[in-house]
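Participant: Spelled out, the chains give:
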Amino acid sequence: MSEHGPSDQVLVARALFNDDRHAFDTLVRRHQSALRIWLARLCHGDLAGADDLAQETFLQAWRRLDQFRGEAQFSTWLHSIGYRQFLMRERRHAGARAREAVDAAVLEQWPDPRPAVDQRFAMERDLAAAMAVLSPHEYAAIVQCFLLEHPQEEAAQVMGCAVGTVKSHIFRARQKLRQALAAWHSKESS
Amino acid sequence: MKPMEPFPPEVSDDDSLARALRREAARGPGWLADDGFSDRVMQRLPPRRHRRSARWWPVMGSLLGGVLMVCADSRWRTLPALFSRIDQPGVMLAMVLMLTPILLTCLLLLLLDPESD
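If you read the sequences in order, they're chains A and B.
Yeah, the first sequence ends on 190 if you go by our numbering, and it's all consecutive.
Yeah, the second sequence ends on 1117 if you go by our numbering, and it's all consecutive.
These are computed hints drawn from the structure, not numbers from a lab.
There's no promise every hint is true.
[Stated by the list, open to error] Not close to chain A: a few residues of chain B, all C-beta gaps over 12 Å, as computed:
{"id": "1", "residue": "S1038"}
{"id": "2", "residue": "P1047"}
{"id": "3", "residue": "A1094"}
{"id": "4", "residue": "M1095"}
{"id": "5", "residue": "T1100"}
{"id": "6", "residue": "L1103"}
{"id": "7", "residue": "L1111"}
[To be verified] Here are some, though not all, of the chain A residues that point toward chain B, as calculated from beta-carbon distances under 7 Å:
{"id": "8", "residue": "D19"}
{"id": "9", "residue": "R29"}
{"id": "10", "residue": "L127"}
Glycine is no exception: its CB is placed at the ideal position from the N, C-alpha and C atoms.
With the sequences and hints as input, model every part of the structure.
Facilitator: Right, dumping it as structure tokens:
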């Protein structure tokens, strides 16, 4: 993770034991991009919302720096804090979105893609709509393992669960997505 | 970091989904410019919390535990019994001998605390 300069572990130790803010500043600059991109993915492209979460994540990391044991990479630990922030945000907005309320019956009535729209963009639009019905855990698993191509083991560490649970989230997410994109699939196979 | 296949074999059987996810993965930036983000974080960074009070809890717990042990000792089974005998020199000496190491440990922890001012 640290191509140049001291390793993350060294910087954490400096920030923690010497109260070295410059060391923490280096950590922030080193990891801000990956964290913000990841959170923006989780927030369905809402970069402003993702930046708020990322700021809060770094502040939490600063407060809890003594809890970083070095068992996982610093970036993984940071992402796990970010994930908790994201879940808290989701809970706050859960009532408004009622994402969980969308069930299989609704998905079966998913509208066919409009022929007038460019096929590629229409499918992207439908994929985005389908993604919106995933639970936060399912969506996070898909984002981590598919869109960002992180190993499932790392996703499990970030999400604070077992690898098997991540696989279950992915399985359920794929079922929902496949169902939502069934019209496309049947169209391609015919 | 162990490299991973972007799309595991079980996904590739579903061409539509795999293709859609690949396109989605390719969208979006690979790197975000800082644009003052780090500075904003650093400006909001609070002073490091001094956790001296947190370090006192185990010490205070030990102290309390020591006192309770004395109270539960077979010779002095109850607290009133302890207080009724506290004027006896032997009991006083035992208490001092028991509490002195604990108090010295408290003092030592306080002096060696790296977060103390």
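Participant: Does each hint fit the structure? Answer for all of them.
Facilitator: Hints versus structure:
Non-interface call for B/S1038 relative to chain A: violated, since the shortest CB-CB distance, roughly 5 Å, does not exceed 12 Å. The claim that B/P1047 lies off the interface is violated: its Cβ sits roughly 8 Å from the closest Cβ of chain A, which falls inside the 12 Å cut-off. Against chain A, the non-interface label of B/A1094 holds: every CB pair exceeds 12 Å, the least being about 39 Å. At roughly 36 Å, the least C-beta separation between B/M1095 and chain A is larger than 12 Å, which holds for a residue marked as non-interface.
Consistency note on B/T1100: stated as away from chain A, and its beta-carbon is indeed over 12 Å from all of that chain's, at 31 Å minimum. Every Cβ of chain A is farther than 12 Å from the Cβ of B/L1103; the closest lies at roughly 27 Å, confirming the non-interface assignment. No beta-carbon of chain A is positioned within 12 Å of the beta-carbon of B/L1111; the least distance is around 17 Å. A cut of 7 Å between beta carbons decides the hint on A/D19: the least distance to chain B is about 5 Å, and the hint holds.
Hint on A/R29 holds. Least Cβ distance to chain B is approximately 5 Å, under the 7 Å limit. Using the Cβ-Cβ criterion of 7 Å, the hint placing A/L127 at the interface with chain B is satisfied: the shortest such distance is roughly 5 Å.
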